[in-house]
Each structure stands twice: as structure tokens, then as C-alpha cells.
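As a plain string of letters, each chain reads:
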Amino acid sequence: MQNNDKNIFASWQMNCPVFIPENAECITLAHGEGGRLSRKLIQERIVHSLNNEYLIALNDAAQLPRIEGPLALTTDSFVVSPLFFPGGDIGSLAVFGTVNDLAVSGALPLWLTLSLIIEEGFPLTLLELILESIARAARKTRVKIVAGDTKVVPHGAADGLFINTAGVGELLTPIPSGAETLQENDELIVSGPIGQHGIAILAVREELGLEPLPLSDCGSLMRPVERLRDELKDQVRCLRDATRGGVAAVLHEWAEASQLTLSIDERSIPVSPEVRGVCELLGLDPLHMANEGTMVIAVKQGAGVAAVSVLQSLSETANARLIGTVKPRGIAPVTVCRTLGPEQQLDDPMGSPLPRIC
Amino acid sequence: MKYLDEYRDPKAAQLLLDEIRRITSRCWTLMEVCGGQTHGLLRHGIAAELEGTIELIHGPGCPVCVTDQAAIDFACQLSQREDVVLTSFGDMLRVPGSRGSLLDAQTAGAKIRIVYSPSDAVELARKHPEEQFVFFAVGFETTAPATALAVKQARRDQLENFSMIVSHVRVQPAMEALVRAPDNRVQAFLAAGHVCAVMGYQSYESFVKRYQVPVVVTGFEPLDLLEGILACVRQLEANEAKLENHYTRTVSPTGNLAAQDLVQEIYQVCDGAWRGFGIVPEGGLELRPEWQAYDARMRFTEPALPVIDTDECRSFEVMTGHIKPPECPHFGKRCTPELPLGAPMVSSEGACAAYYRYGVRTS
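These protein sequence lines are chains A and P, in that order.
Taking my numbering, I'd label the letters of the first sequence as residues 1 to 358.
Taking my numbering, I'd label the letters of the second sequence as residues 1001 to 1363.
Keep in mind that the hints are not guaranteed to be accurate.
[What the hints assert, rightly or not] Mimicking DMTMM-like on lysine to aspartate or glutamate, the simulated pairs with C-alpha atoms at most 20 Å apart in a straight line are:
id : chain 1 : residue 1 : chain 2 : residue 2
1  : P       : Lys1127   : A       : Glu207
2  : P       : Lys1127   : A       : Glu22
3  : P       : Lys1011   : A       : Glu207
4  : P       : Lys1002   : A       : Glu211
5  : A       : Lys40     : A       : Glu206
6  : P       : Lys1002   : A       : Asp347
7  : P       : Lys1002   : A       : Glu274
8  : P       : Lys1002   : A       : Asp285
9  : P       : Lys1127   : P       : Asp1104
10 : P       : Lys1333   : A       : Glu266
11 : P       : Lys1011   : A       : Asp149
12 : P       : Lys1002   : A       : Glu280
13 : P       : Lys1011   : A       : Asp348
14 : P       : Lys1127   : A       : Glu266
15 : P       : Lys1333   : A       : Asp348
In short, the hints are calculated from the structure, not lab data.
From a predicted model like this one, the values you see are computed outputs, not experimental measurements.
Given only the sequences and the hints, what does the whole structure look like? Please build it.
This is the structure we're talking about:
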């Protein structure tokens, strides 16, 4: 059910990890008005959680040291519903999402900004849980949250909590050459089981009552990207985290950029039994389902096996697989071989089967 | 994965394909009744493999495709009321009525919720007594038991804010309409496995006898489909017309009696309005008089706006085998899943969607 009606659902009530008593301390409009309560919220809760030397100065702008190489800059907003889902929450998602965008662009993520848009009445306990999750994710990826903003909007003007993060990273050489440089016989890899995030969100939002619950893959791709850069150097053509639209959307973008056909084999794509089961039941295609810690990688001909073995040596990408190759433009931009083996077109995902997945 | 991989074994599939090709002496015309079967045939490449050997007509067994435009229009109309939350299976949202789709209505501000089960709609009604919840009850005998249960739950809990737009259809009367048509081309049917799982298949005995046409109850996985096709071809080659069940792991002769009782208790057979087909005698279900308090058409007595007759969709010709989806002049041009002219292009069981999605072209 889509949460576009405030009277019917509040996201934070869904799948909430802690009990929130009726008289729990809540965010009020005064927390966003810039006065004493604002300062208290920012200093005691936010700066305290995200403790680092840049943030603690509480200046209007973070003053950052010079860095060597060219910069990468990205931003992303997070409106996921529910705020807590199996395998993650909006906080870890807001850090990993931006870190991954930097990482797959070939950058070492360094600094993040964090903007919170909080709905009046949002329980402080939950805000603290989410801030802790943000802090944990930042520590894990060794990024620093160096600037931020907090706004409170009246009841009904947001759904619990929305987060925006922007990230700066240093581009490291060799920078992946990009999808425009794909060539025939390049090899395609997926870094882990696909569709986990989309199905995890679907399962809790629709209360599908699955056992075991599918877990989101919400996580950092920084380490696998670093290792690929170190070991494969310029053999890596391009990488992309397969978020909304899933693996199919990435392949379609690359096919358009390269004007070649990207051809994959369904039988070699890792899909967990939970995701496969839900997809079969509901008529969904795992290739169209969102991921939040799984990427597609294209490497030069002959480098596929080495890339997969690098990835498989890391816990977060232990199930990486070769899934296909790049071919001259054939019957469709993206093709897939299913049961009987003939090459068929793979549809570009249309619209979102599920709004607000990230 | 259990119950899946064993029915998708490529080697076994190849053996069945070889056998079908070996025994086929002429290009027989079979109809797979259910849209789920259509998608299986195209997704797994079976339709392409059999091209030129067997002609497959993609039948009317896609409930979304045959849902009457007037029902969709009425659902859109009710969804625009301040006091109504319209609940529906997700598949119905993009299907165009004569005045736009439910998705269009939602974009314009209507309160529409996708549910996976009619009971979810009842649950919403229970939680939110301040709103009227209307469930759009479409589908064949497969979904009718679930909507019947929803009505019973609503009465049990004395919910006065739950009602349904009932647009249920029955498969067998439509098959009868097809074979009785003077230009019928169907020589054998793959009967819809899931409908038979609920209704059993004994009722096909008289159908087979009367029309002398083979009916084979068939599942949805590649090996199921190939077995069903093989069984049809064997009968046709032997000039026989028999009823066979090749989906025995799911379908029994009598079906699910509890589900049938439930449907009997809540619904009665009526003439049904099928999109593309017109009125199919005994082709629909309506609430029995004692349950009509849950009929949205009774609860909301505002007159339904007239249907604007601009249906350019040629789905009827597709479902009767007179054209294949890519032969429709609108296919992939004016009619795409993003901007469909008709339901078969949007429904997850629609034949046009299957062709569009799996990229199969006729020769």
C-alpha cells in the first residue's frame, strides 16, 4: 500500500524496532526554529552522535583541507518507507547510498553533508536510533559528516523523516573509462545476489509474512571497488550500483551509451531463494528489483574471471558472478537467455513497481 | 529451487519439444486459455521454438484484460469521492477505462491503495472506520473465493465501510462462446491450471463431448506447458477429443470444494460483460441478493457516467486468434506499457505485454 495519505499510515510506525509509548518525547516545530531547542537538538543529539573535528566547530560552512586529485561530488535524497527495514534503515541507506555513488564513480569517499527534514511529532528515540545508524555507517566507510541542516515541518507535510546527503570524494587513478568505452566481448559481472533491497522493502511494506524475511543488501561497495581498482587497474570499464530499476536499468543505460548489446544469461545470475520465491509469486523480475549494495561491473575481455575472484575474496561480494558479455548490437539493446536458451530482449523497467524504496 | 527448477530443466524441455515436432503432421491451432500460460510460453522461449510447428492463440484468460470498461470507469468515478478509498490489485491501476485509468485518477488526487489480497482491504476498513473502502473485485474463479471471504469477513465484523465493485468472470462460458463462433479456429484447449485447481475439471466433460475439442488441464512452467501441448497434439493427430489432466500436482477432478462452497454462498451466476467479447451468457458472477449490502453499486447510488466508446484496442482479435499482438497497427507504436490503448498491453498476464516484454516477433 502506498503511503500517500497521511491519515492512513505513518512510516515510522511500520516495522519499528522499538516500542514508542504514547507520551514519548517528540520533535516539535520549535526544534526547527533556530532557537535554544534547535541548538540543543543539534549539539546534544546530532553533533554528539556524529562526533568529528569539522562538525564540532558548528560553523556555517565546514572548512576542509586541500586534496590532491580531482573531486567527485554527488547528492541523493532518501524517502524510504518504512524507515526501518530488514537489513538496514533510512540512516545507513543515506550514508551507503551516497558513498556507493562516489565509489562506483572511481572516487575515494571523504566527506558527507547531512540534511534532515523531520515531521513534527516524530519520536526522539527513533531519531537517535537513526543517528546512531548514520554514525555507524560513516565509521565503517571512514567518511566524515562535516556539515548538516535540520528542518522540522508541520504534521502531515512529510512522512516521519526525509534525509538528504551530499558527498565529496577524491577521484583515484585509474578512473573507470565509462560505458561509452564498452567494447565487444567485454565481460559483465554482478557483485552479489540481486533484488534483495526491493524485495525486503516489499515484504515488510505489504506484510507478506515471509519466513525467513528477505534482507536488504544495504551496504558499502567502497572496499570491493578499491580492491578492483588495485588489482585490475584499467581493466575495469565501468561500475554502477544497481539501485532503482535494478540490474536491468544499469544494462539499458550502458547499452544506450555504448550502442552495443549487453547479453546476459539468467541461469548465471545469483538470486536468493527468498527473492526468487517472492518474484515468482508476484510475477516480478529480480532483474528489475532495486539493490542498495550490489553493483554491475564491466571489465575488458579476459579480465572477468580475475575480477570475480577478487570480489569473491571479500565478504560483502562473496557471491559475485559473471553474468554475460557485450556483443555487437543485435535484436535488442539488452538480451537475456532463459530456460530454453534463445536470446530474448530484456525489457527496460518501466515506472516503479514500488514507490519510495530509497 | 524446489517445485521450480525441476519444471524448468532445459534438457527435459528439449526432449518434449523434439517429441512434439516428431509427431506433428500439420500446424494445429491450440489455445492456451490463461494469460499466465501465455507469459510462460513467451518468457521461456517455447512460443518461438514452436513457431511454424504449432500455432498458439493466446486466449482470454487474463482477468484484467477482459474487465469491462464500465466497471473501470465506475471504479475511477468512486475513487474521486472524498469519502472513498478505492482498493485494487496493482494490475488494474494502469488499465485504461474510457475516461482514463485508476492511475490517472490517483495522479489527480484520488485515494487508491494497492492490496495483494481482498482481506487486506477489509483490514484497512476495520482500522479506518472514518473512510469508505471499496474493493475492485475482478478476476476469474481463482480470485472469487478470496473476494467472497472478504465480504463474509466484513459482515462478521459488522463493517459498514466496506463494499466491492464486483466484476468477476467465469472461464468456461467464454470458451463456449469462442468455439461456437462461426470463425472459430481453436482446435484444442490448454485449460487454465489455476482455475481448475479451484473449480476442478469435471465440468469440461460435457464441453469436450459437445464440441468435440480436446481439453488438457495444463500448468505454467515450461515442462507443464510442453506436456500440455504434446497431449493436445497427440489427441489431434489421433483424431480424438478427450479431457486430460496434466497438472496433477495441483488439480484434482473436483477441485477445492471449500472454495467452491464459499463462492456459491456469496455469488450467483449472471451474464457477464467482457471487454472485447460483449455480453457472455453466464460469463459473470454477481453478489446474491442477501449480500448486496456490500455491492458498491448499491451503496453509492450516484449514476455511473456513460462509457465513452473510443476503444481502439483490438484485444478481441488477439484473444480469438485473428491477429498476433505485433500485427496490431498500434503495437509498440501508439500502444506501449507506458501509454496503453488496452488492457493486454499493461496486465502482467496480457498477451500484448508478453510480446512487448519478451520481444517475440511473428514471422
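Outcome of the hint check:
1. Among the hinted pairs, Lys1127/P with Glu207/A is consistent with the structure: their alpha-carbon atoms are about 15 Å apart, no more than 20 Å.
2. Taking the CA atoms of Lys1127/P and Glu22/A, the gap is about 18 Å. The hint holds against a cut of 20 Å.
3. For a cut-off of 20 Å, the pair hint linking Lys1011/P to Glu207/A is broken: about 38 Å separates their Cα positions.
4. A C-alpha spacing of about 16 Å is found between Lys1002/P and Glu211/A, which places the hinted pair at or below 20 Å, so the restraint holds.
5. For the hint linking Lys40/A to Glu206/A, the alpha-carbon distance of about 38 Å lies beyond 20 Å, and the restraint is violated.
6. Note on Lys1002/P and Asp347/A: the hinted pairing is violated, with a Cα-Cα distance of about 27 Å set against a maximum of 20 Å.
7. About 12 Å separates the Cα atoms of Lys1002/P and Glu274/A, which keeps this hinted pair within 20 Å; it holds.
8. A distance of roughly 18 Å separates the Cα atoms of Lys1002/P and Asp285/A; the hinted pair therefore holds under the 20 Å criterion.
9. A C-alpha spacing of about 27 Å is found between Lys1127/P and Asp1104/P, which places the hinted pair above 20 Å, so the restraint is violated.
10. Distance hint between Lys1333/P and Glu266/A is unfulfilled; the C-alpha atoms sit about 28 Å from each other, more than 20 Å.
11. Among the hinted pairs, Lys1011/P with Asp149/A is inconsistent with the structure: their alpha-carbon atoms are about 60 Å apart, more than 20 Å.
12. With a C-alpha separation of about 12 Å, the suggested pairing of Lys1002/P with Glu280/A holds against the 20 Å cut-off.
13. With a C-alpha separation of about 30 Å, the suggested pairing of Lys1011/P with Asp348/A is violated against the 20 Å cut-off.
14. Simply put, Lys1127/P and Glu266/A have alpha-carbon atoms about 42 Å apart, too far for the 20 Å limit, and the pair is violated.
15. Among the hinted pairs, Lys1333/P with Asp348/A is consistent with the structure: their alpha-carbon atoms are about 16 Å apart, no more than 20 Å.
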